[in-house]
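**Student:** Sequence:
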Amino acid sequence: MLRITRSCAIARDELEWRFTASGGPGGQHANTSNTKVEVRFDVESSPSLGPRQRARLLERLGPVVRVTASERRSQHQNRELALERLQARLAVALHIDPKRYSTKPSRAAKKRRVDDKRRHSDIKRHRRRPSGEE
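One point on numbering: in numbering that gives the first Met the number 0, the residue at position 126 of the sequence shown is 125, and numbering is uninterrupted.
Please keep in mind that the hints were generated in silico from the structure rather than gathered at the bench. Keep in mind it's a predicted model, so treat the numbers as computed, not measured. For glycine and all other residues, C-beta sits at the position ideal for the given N, C-alpha and C. Just to be clear, a hint being listed does not mean it is correct.
[What the hints assert, rightly or not] Keeping only pairs whose Cα atoms sit at most 27 Å apart, straight-line, the calculated DSSO-like set for lysine-lysine is:
1. 103 to 116
2. 109 to 98
3. 123 to 109
[Said to hold, decoys possible] The following label-pair restraints were derived from C-beta to C-beta distances:
4. 16 to 102: 45 to 53 Å
5. 79 to 53: 24 to 32 Å
6. 119 to 37: 55 to 63 Å
7. 106 to 57: 45 to 53 Å
8. 18 to 62: 16 to 24 Å
9. 100 to 57: 27 to 35 Å
10. 112 to 47: 48 to 56 Å
11. 84 to 62: 17 to 25 Å
12. 115 to 11: 51 to 59 Å
13. 98 to 61: 21 to 29 Å
14. 98 to 53: 19 to 27 Å
15. 19 to 50: 31 to 39 Å
Given only the sequences and the hints, what does the whole structure look like? Please build it.
**Tutor:** Written as structure tokens, this is what we have:
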């Protein structure tokens, strides 16, 4: 199981893996080994998701989520990296921001604000040239 959030886990057999040759330099090893990893997750037909989770993922990511990894030289390391990226994308898409409630400033906060304004005003007033001298 791939744990996404506390309430969401996906069975690993729902993931579709594809391996291809990674581009770029690397000599004979890079030319013969399929180290680039692509993992696909079908959101629409997944039995692991609840209806609200499915709707949220479809809205934010679409019907199929695809992640690739080719930074590392071994296929195993790229598989782990692709799983981490898929998990992170799904977790971000499933995240719900908590509702914000408007609050009023406390009496002490209001007093601090007024005192700071008064103190700043005094500082600026003392910078002025005295009114009798010119």
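**Student:** Against this structure, judge whether each hint is valid.
**Tutor:** Here's how the hints hold up against the structure:
Taking the CA atoms of residue 103 and residue 116, the gap is about 19 Å. The hint holds against a cut of 27 Å. Restraint check for residue 109 and residue 98: satisfied, since their Cα atoms lie roughly 25 Å apart, inside the 27 Å limit. For the suggested pair residue 123 and residue 109, the alpha carbons sit about 21 Å apart, so the restraint of at most 27 Å is met. Checked against the hint of 45 to 53 Å, the C-beta distance between residue 16 and residue 102 comes to roughly 49 Å, which is consistent with it.
Hint check: residue 79 to residue 53, Cβ distance near 26 Å, so the stated range 24 to 32 Å holds. Evaluation of the 55 to 63 Å hint for residue 119 and residue 37 yields a pass: the beta carbon distance comes to about 59 Å. The supplied range of 45 to 53 Å is met by residue 106 and residue 57, whose beta-carbon atoms lie about 48 Å from each other. Hint check: residue 18 to residue 62, Cβ distance near 23 Å, so the stated range 16 to 24 Å holds.
Checked against the given bound of 27 to 35 Å, the beta carbons of residue 100 and residue 57, roughly 30 Å apart, stay inside it. Between residue 112 and residue 47 the C-beta distance comes to about 51 Å, which sits within the given range of 48 to 56 Å. Hint check: residue 84 to residue 62, Cβ distance near 18 Å, so the stated range 17 to 25 Å holds. Between residue 115 and residue 11 the beta carbon distance is about 58 Å. The supplied range of 51 to 59 Å therefore holds.
Distance hint check for residue 98 and residue 61: the Cβ-Cβ separation is about 27 Å, which falls inside the suggested range of 21 to 29 Å. For the hinted restraint 19 to 27 Å between residue 98 and residue 53, the CB-CB distance of approximately 22 Å keeps it satisfied. Restraint check, residue 19 to residue 50: a C-beta distance of roughly 35 Å satisfies the suggested window 31 to 39 Å.
When each numbered hint is compared with the structure, no violation occurs for any of them.
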